[in-house]
Amino acid sequence: MSNAGFVKVAQISDIKEGTAKVFTVGEVRIALCNVEEKFYAIADICTHDGGPLGEGELVDCQIECPRHGARFDVRTGKALCLPAIIAVPTYPVEVREDQVFVNCQPAAVGS
Amino acid sequence: MSADLAPTLNNQGLPEGTKPEINKGVGLEGIGNDYKYGFSDKEDYIFKSGRGLTREIVEKISSMKNEPEWMLKFRLRALDIFNKKPMPTWGNCGLLNDIDFENIFYYIKPSQKQETDWDEVPEGIKNTFDRLGIPEAERKFLAGVTAQYESEVVYHSIREDLEQQGVLFLDMDSGLRLHEDIVREHFATVIPAADNKFSALNSAVWSGGSFIWVPPGVRIEIPLQAYFRINAENMGQFERTLIIAEPGSFVHYIEGCTAPTYSTDSLHSAVVELIAKPGAHIRYTTIQNWSKNVYNLVTKRAVAHEDAKVEWVDGNLGSKLTMKYPAIYLLGERAHGEVLSIAFAGEDQHQDAGAKIIHAAKNTTSMIISKSICKNGGRTSYRGLIKVYPKATGVKSSVKCDALLLDDKSRSDTYPTMEIDEKDVNIEHEATVSKVGEEQLFYLMSRGLNQDEATAMIVNGFFEPFTKELPLEYAVELNRLIQLEMEGSVG
Amino acid sequence: MAELKLANTIAKERVADLAQRNGEPSWLQDLRNAAWEIYFQSPMPTTRDDDWRKTEIDNIDLSTFITVDPIKSKAVKTPSIELLNSALAKLDEPAGVYVDDYASQTQYATVNAELAKQGVIFLPLTEAIEKHPDLVKKIFENGKPLTSDDKFTLMNKALFNSGLLLYVPKNVVVDAPFVSAVNLPEAAKGQPAGSNGQAVFPRIVVVAEANSQVTLVNAFANSAVAVASANPEAKGSQSDKKETSGTILSNSFVEVTVGQGAKVTVMAVDKLSNAVFAVSRVRTHIHKDGVFNLTTAGLGGKQIKSDIETIMVEPGSHSDIRGVVLGDGSEHYSYNTIQEHTCPDTTSNINFRVALKETSSSVYQGIVKVDQIAQRTNAFQSNKNLLLGTEARADSIPRLEILADDVKCSHGATVGPVDKEQLFYLNCRGLNTKEAEELIVRGFFVQILDGIEIKGAADWVGDLVAEKIYK
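Protein chains in written order, with our numbering: chain A, 1405 to 1515; chain B, 5 to 495; chain C, 11 to 481.
It is possible that part of the hints are untrue.
Unchecked claim - Some chain A residues near chain B, calculated using beta-carbon distances under 7 Å: (1) His1472; (2) Cys1485; (3) Ile1489.
To be verified - Capping the alpha-carbon separation at 25 Å, the derived lysine-lysine pairs in DSS-like fashion look like this: (4) Lys1420/A - Lys77/B; (5) Lys366/B - Lys1482/A; (6) Lys430/C - Lys404/B; (7) Lys1425/A - Lys69/B; (8) Lys1442/A - Lys1425/A; (9) Lys88/B - Lys77/B; (10) Lys395/B - Lys444/C; (11) Lys147/C - Lys400/B; (12) Lys404/B - Lys87/C; (13) Lys413/B - Lys379/C; (14) Lys88/B - Lys1425/A; (15) Lys478/C - Lys430/C; (16) Lys418/C - Lys413/B; (17) Lys418/C - Lys298/C; (18) Lys87/C - Lys127/C; (19) Lys298/C - Lys367/C; (20) Lys324/B - Lys400/B; (21) Lys201/B - Lys130/B; (22) Lys430/C - Lys395/B; (23) Lys400/B - Lys367/C; (24) Lys395/B - Lys1482/A; (25) Lys117/B - Lys201/B; (26) Lys1482/A - Lys64/C; (27) Lys400/B - Lys64/C; (28) Lys296/B - Lys113/B; (29) Lys472/B - Lys400/B; (30) Lys478/C - Lys444/C; (31) Lys395/B - Lys379/C; (32) Lys64/C - Lys161/C; (33) Lys1420/A - Lys88/B; (34) Lys430/C - Lys366/B; (35) Lys298/C - Lys366/B; (36) Lys147/C - Lys180/C; (37) Lys404/B - Lys418/C; (38) Lys395/B - Lys367/C; (39) Lys324/B - Lys379/C; (40) Lys130/B - Lys117/B.
Think of the hints as simulated: they come from the structure by calculation, not from any bench.
We treat Cβ as the ideally placed atom computed from N, Cα and C, and that holds for glycine.
Model the full structure from these sequences, guided by the hints.
Put into structure tokens, the structure is as follows:
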């Protein structure tokens, strides 16, 4: 995988297992989620109402928006529960030694 | 009827040159004042929780119901969410903030077990439902009936042939006990606990309500009915209804609600989830006639998949404050949603009702009709949302709201929102607010009707789009209600 | 240049400083300070507030903005404002012209000598304060209380540094239009959008005394700036095409008083560049049998956020508010109309038409409030949205709050693309789809433009609309 576009965002130890933490990469706010020591990056915006996803509860690989309870799969961004319908963008993550890198360039965005 | 006909008709009804005198503001004096379901029974319960909401009560409800572990977890988490979530900062905040959550009884079990034979229902409860007309309904060979009294369903029946076709029509607790897999797959997927403060509350302490599962292709032509009755003072009723219509099936569910009149408040906070799978059709009719001390804060939401159709027919006549906006998420292509909402607000009532339709797939269509009347200081609000997601092309939606104000003490609000994120759509919204037309009154009075009769006729006409969607016995009852109460106001 | 930053952390002495540099009387300094106090305490709006939904207010960091110095020179020069010149070419010989041109550092007002003799005042606001302090003081003190103002209106009241006074005495009927043009400063290049910007605070005051009649045409423009494209790699973000010119914040406040039996007609045109975040409020009080006509045209700007607040304070008053909005690019328009019927026998009409090209978006919100005593109110509200761009977005939120029963209130709203039948018809007549669409858009606005009573104004705005359609 090319290194282009990956930006160092956090130390592994910054994000405890089973939690999410919000970072700003360029102009994108992401919630970086630690699911059993694997890291996933999703946009910090609920597609239902713009709620702060990163402040929600992370259970297994599902994150719940604290505002109205919409849930998303942090691996794919897919919406799993109403009131959200549309997937949230996800971003490629790479762990290099003890650091987490995320690529938020438009071309890299998935959802 | 046309206003410009009036002058010629005057010659037929009244002496030349005289006009029937229109007495302003008295026309509908009686409507909503004469609540005939306000009686109460002596309390004779198996279990009544203490006032207030605690973790222990939630655990007690779950253990009395012998629930699976996941449901207890769901309840406790919902309780946390409820405690954390702020009260809504919109709507009638003054009234909302008057709710004293510490003063409410969250769970009351009225009888030992649910009966399927009407004669077995405890005498007092039976008398109450007799007065509300349930056995009559029974005699009309309904497809199925449940009757909920306080927190539990006390009576339940379903026609045998439907059972044989595999239709499940149970109270929600039995649904969970007997069909855990179906419940677990669908429960709270339409309305998560965290949706709003009151869905969280319901999720924590829910009890009763209906569970309906209609097998693929089965069409239940006669409505299933449910009656909800609050009896105790400061009762909180939190029923939970889940209706799943498998592909190509049809079901019509009707619910009615009443409560005694007390000087202190009760709380009704239901969660209703409807799932219409491809090609299925669900119609859900509510005649809400709570007494004027009941807060009615209900979350109702449906999903409609491909070619499915969902209709909410929502009549709000009673309660102190109703906040209810039945929603339809049109998730599959060509799905169709309709909401027909009528509201009547008299003295000390605020009906804050409406509808939300979310178009998330191509060629989905929707229609909302809202009719409201307020008088004697009552307040009606229409709050609605039409949302079209990007790429949902070919969407058509039409919204029509009409409000009648009968005096200058009353208030009517219209708060529609249209959020349109797709170009290829056709969205229309119209609303009017007016008073009962003097021309119309004049016309009818020239025809020899007195003012009350004339006003009642206009009101009936105004509500007609709603009543014509009701089963005959309900439509007749509603018209009779308006008529009767108007008679009471004369002289 | 005095850098008056707008952060809440800035002490109120800075407001006094501005007042002092203008040599303002102490009562005005007091008013500025009072407004500042409440401004300081009120929270910054966010897009979570209904009034600001879908605007980019969250991206505006006021602490990095500086207020633009007022223009000192009052010398009359030939203005080089294209928008003004196009207006003057179409309109009747004006009764007066006000120019506030930051590009050429020109500010002046001229007025027909005959009208001046009749007591008509048409002056830059700073000059009006010097020459007619009692009049201005009375007007300022008669407005709505500060506590009912939102943060941006308070900001304007504390910091206004340009604008004009148009005062028409009793029984004076002025047929010719007054024309005012504000040409905003150029955006600083190489600054990130949303910060390190410049802020301008025009305040426009119109008073029409009993039985007078007056017309004002307001043109808001700015010199377009060539926009350098960002270097996406340096930022590692998805700002593929975002410009780096700094933002101009224009926060204007227009106060109109329509006296008994008076008639005020206003035509406002916003034709701004993509560097401008324009917040404005038009607040009008209409007295007995007064008539207020406003047509507003939103024809450019990064973000246009406009509140149009009309208060029918005495019986017989009438207001007619029309909007023509044509968006393209990624422009966003947020119009909010407020009709307050506070007494019996008043009428109001609202007619807003919005056409959106490309990825432009609009939020129209309107509310009709009818007080309990406001019997026999007639109020109509219409908002039609034509979506031309596949990613164009329109929200419509027309609201009614009715507390009187003898009323006729209604609203209607529609959202949709160009009518396929019309398109087909025009195709059959030999027009290609683009031409047909353009014709339909022009037709869409005709109803609004036809209602403009100012001679030549419909032509002028029609041309501006056409120019943008065919762009």
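Open item on the list: Are any of the numbered hints broken by this structure? If so, which, sorted upward?
Closed with: 7, 11, 12, 19, 20, 21, 25, 31 and 35
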